[in-house]
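Read off the chains here:
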Amino acid sequence: EAEVAQSPRYKITEKSQAVAFWCDPISGHATLYWYRQILGQGPELLVQFQDESVVDDSQLPKDRFSAERLKGVDSTLKIQPAELGDSAMYLCASSLPIQGTGANVLTFGAGSRLTVL
Amino acid sequence: GENVEQHPSTLSVQEGDSAVIKCTYSDSASNYFPWYKQELGKRPQLIIDIRSNVGEKKDQRIAVTLNKTAKHFSLHITETQPEDSAVYFCAVPDGGYQKVTFGIGTKLQVIP
Chain A
1 EAEVAQSPRY
11 KITEKSQAVA
21 FWCDPISGHA
31 TLYWYRQILG
41 QGPELLVQFQ
51 DESVVDDSQL
61 PKDRFSAERL
71 KGVDSTLKIQ
81 PAELGDSAMY
91 LCASSLPIQG
101 TGANVLTFGA
111 GSRLTVL
Chain B
118 GENVEQHPST
128 LSVQEGDSAV
138 IKCTYSDSAS
148 NYFPWYKQEL
158 GKRPQLIIDI
168 RSNVGEKKDQ
178 RIAVTLNKTA
188 KHFSLHITET
198 QPEDSAVYFC
208 AVPDGGYQKV
218 TFGIGTKLQV
228 IP
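Taken in order, these protein sequences are the chains called A and B.
Take the first sequence: its position 94, counting from 1, is numbered 94 in the numbering used here, and each next residue is one higher.
Count along the second sequence starting at 1, add 117, and that's the number in the numbering used here.
In case anyone wonders, no lab produced these hints; they're calculated from the structure.
Ideal placement from N, C-alpha and C gives every residue a C-beta, glycine not left out.
A few of these clues could be false.
[Said to hold, decoys possible] Okay, the calculated beta carbon distance ranges per label pair:
#1 Gln17/A - Glu132/B: 41 to 51 Å
#2 Gly85/A - Thr127/B: 39 to 49 Å
#3 Asn170/B - Asp63/A: 19 to 29 Å
#4 Gly72/A - Val171/B: 27 to 37 Å
[Said to hold, decoys possible] Which bits of chain A does chain B cover? Going by a derived footprint, with three or more residues having C-beta under 8 Å, they are:
#5 36-50
#6 88-100
#7 104-112
Excised from the complex, chain A in its bound form (with noise of 0.2 Å):
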């Protein structure tokens, strides 16, 4: 079964360091989604990618955060500087389109879990 691949799975870093996080969605999923997960919350959307474009960041904090996927397959996600509220877990997802609904079906990756001291 195809997967969402994504690493590191743990990072711990001290705050003001940079920080980056990778993810390699399923082959062929044009649609891509970066999520933070803080610890009994749902997941809330940093940014969205259709193929190498930005569909929407509206929640990305720009002022730290970048994320790219340039020839519209993998992406990273980077945190520079990480403050001590970034801790969470990040998780990136790839989707398909659902025909007839303009609705898409999530697959997952592991995640990324980052700890910020």
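Mind docking chain B on chain A? Use the hints.
The following block gives chain B in isolation, referenced to the frame of chain A:
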């Protein structure tokens, strides 16, 4: 954007009993309603979904019902088992480009 509310936030049931989780949404144009299950330390996974042209869908012990008029849909788990213990999230399409908004989650505990 879409406003998604999920209730309850926590739910404890005895093994064998039923569990019901409800999700309400605001955008009447939404037409696809999935439920995801997230076990402790694992990724969310789709467990069941429903399209707006049907009112109910079942898959063994789980079912989802949809009331488009009232703009809510519910997850029903019957004959609960300890392995059903997890956090369950509803999700709703939100505007164009297939954006997906999640509910806050319901932590279900099945007591043996």
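Going down the list of hints, with the structure as the test:
{"no.": "1", "hint": "Gln17/A - Glu132/B: 41 to 51 Å", "result": "46 Å, holds"}
{"no.": "2", "hint": "Gly85/A - Thr127/B: 39 to 49 Å", "result": "24 Å, violated"}
{"no.": "3", "hint": "Asn170/B - Asp63/A: 19 to 29 Å", "result": "44 Å, violated"}
{"no.": "4", "hint": "Gly72/A - Val171/B: 27 to 37 Å", "result": "34 Å, holds"}
{"no.": "5", "hint": "36-50", "result": "holds (count 8)"}
{"no.": "6", "hint": "88-100", "result": "holds (count 5)"}
{"no.": "7", "hint": "104-112", "result": "holds (count 8)"}
Comparing the model with each earlier hint shows violations of hints 2 and 3; every other hint is respected.
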